[in-house]
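Visitor: Chains as they are written, first to last, in our numbering: chain A, 1 to 94; chain B, 95 to 419.
In short, the hints are calculated from the structure, not lab data. Among the clues, some could well be false.
Said to hold, decoys possible - Below, in silico cross-link-like pairs of lysine-lysine (BS3-like), each with a Cα-Cα straight-line distance of 27 angstroms or less:
#1 A:70 to B:299
#2 A:37 to B:299
#3 A:16 to B:296
#4 B:284 to A:71
#5 B:284 to A:14
#6 A:37 to B:296
#7 A:14 to B:296
#8 B:389 to A:14
To be verified - Here chain A is said to cover these stretches of chain B; the calculated rule only asks that three of the stretch's residues, wherever they fall, bring their Cβ under 8 angstroms from a Cβ of chain A:
#9 147-160
#10 184-191
#11 290-301
Virtual Cβ for every residue (Gly too), placed ideally from N, Cα, C.
Chain by chain, the residues run as shown.
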Amino acid sequence: MTTKIQVLGTGCSKCKTMTSIVESVVKENNLNATIEKVEDIMDIITFNVMTTPALVIDGIVTIKGRVPSKKEVLDLLNSNAHKPESNSSGNCRS
Amino acid sequence: MFDWIQQIADWLVYDVLGMQPENHLAEALNFFIYDSTKILILLFVVIFFMGIVNSYFPIDKVKNFLSRKKLYGLEYLMASLFGVVTPFCSCSSVPLFIGFVRGGIPLGVTFAFLITSPLVNEVAIGLFVGLFGVKTTIIYVVSGILLGTISGVILQKLKLENYLTPWVKDVLASAQREQDIFLQEKQTFKQRLPIIWDEVLKILKGVLPYVLIGIAIGGFMHGYIPEGFFEKYMDKDNLFAVPIATIVAVPMYSNAAGILPVVQVLVTKGIPLGTAIAFMMGVVGLSLPEAMLLKKVMTLKLIGIFFGVVTICIIISGYLFNMIL
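With the rest of the complex left out, here is chain A (with noise of 0.2 angstroms):
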């Protein structure tokens, strides 16, 4: 199954640099998976997350607010259980 990579940010350098991660960690580990940037603030908002750059797997907010390292995107990619970070939305999915 296609994985659904999701890099929220408006475009600083971090997130800049978390999408650069990611797209190399795929690149390099032949995942099988879709990368999209999501910069629109209106659709980022919608993701409940206060702080970019945020990684979105599979419709799950996995980090936010820093830039992860490589092995830390490659084990959240390999586990089938994407752990949120710490909080998962409630009911506002606007």
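Guided by the hints, dock chain B onto chain A, whose structure is given.
Guide: Below, chain B alone, put in the same frame as chain A:
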């Protein structure tokens, strides 16, 4: 406490390089080695400490706390205090703003957080201790927190909800004190440490060039500009100095790391501390890029009022600094 660094700097410059102590270049180099070593050590300590606090108290918890608790007016101060320990990248200010407003946190409280966060943070504190000493740092931190608190209260009193952009008003209308379901991670300190450590190194790496360039410029000025050089232009009695310094600073943008070493040299060369700090707060706290970002959520009028209130508070604290220090 830092004598040993001075000794190393002396040894490197005068013994290893064989330069003369009276030489301007030698003096500048000595100052550079001493200052950058000391500041890097302090930065490391403060960033590491804040990283630990932040790991246990991330932004989501701050939001939950502020929207849940009845704080009887203390919420402005709390938001301002949280701003100190919760760093955020400036490009997060809009999602943060929305997150807070959606959680039912009043506008003024949200502003208090947004104002203090860039003013008083781990990098600013580390640099302040290194450059100005503990006493000045405490005064700076306290005034930064009060500045956020008071600006927040004023902005709340002005009832500015009408000046938000229409879609934010919708968010506001549907705001609920919902609690995010919190999957409390039971991570041990040992599990957290690598992530904290990683962040510390990243932050240090990020600010390092600014700090070094700042100190280099500072070192250069230190060696070449005579003591008291600026006194003739900007002494304490010059009432216009503080407002002018602040207003010039507002459109400019730099982080604390870049601006503080230069500010320190300006102070040693005769610019009053309050004037210099007002300038620094203007540069760090408010900027044109930030205004551009905020346009997504606020009308120009609201941005104008927001910047106006904060600018006035900065000017007042500049005067206060000049009076007490």
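Visitor: Run every hint past the structure and note whether it holds.
Guide: Okay, the hints, checked on the actual structure:
no. : hint          : verdict
1   : A:70 to B:299 : holds (18 angstroms)
2   : A:37 to B:299 : holds (26 angstroms)
3   : A:16 to B:296 : holds (15 angstroms)
4   : B:284 to A:71 : holds (18 angstroms)
5   : B:284 to A:14 : holds (26 angstroms)
6   : A:37 to B:296 : holds (23 angstroms)
7   : A:14 to B:296 : holds (11 angstroms)
8   : B:389 to A:14 : holds (21 angstroms)
9   : 147-160       : holds (count 4)
10  : 184-191       : holds (count 6)
11  : 290-301       : holds (count 3)
Violated hints are absent here; each numbered hint is respected by the structure.
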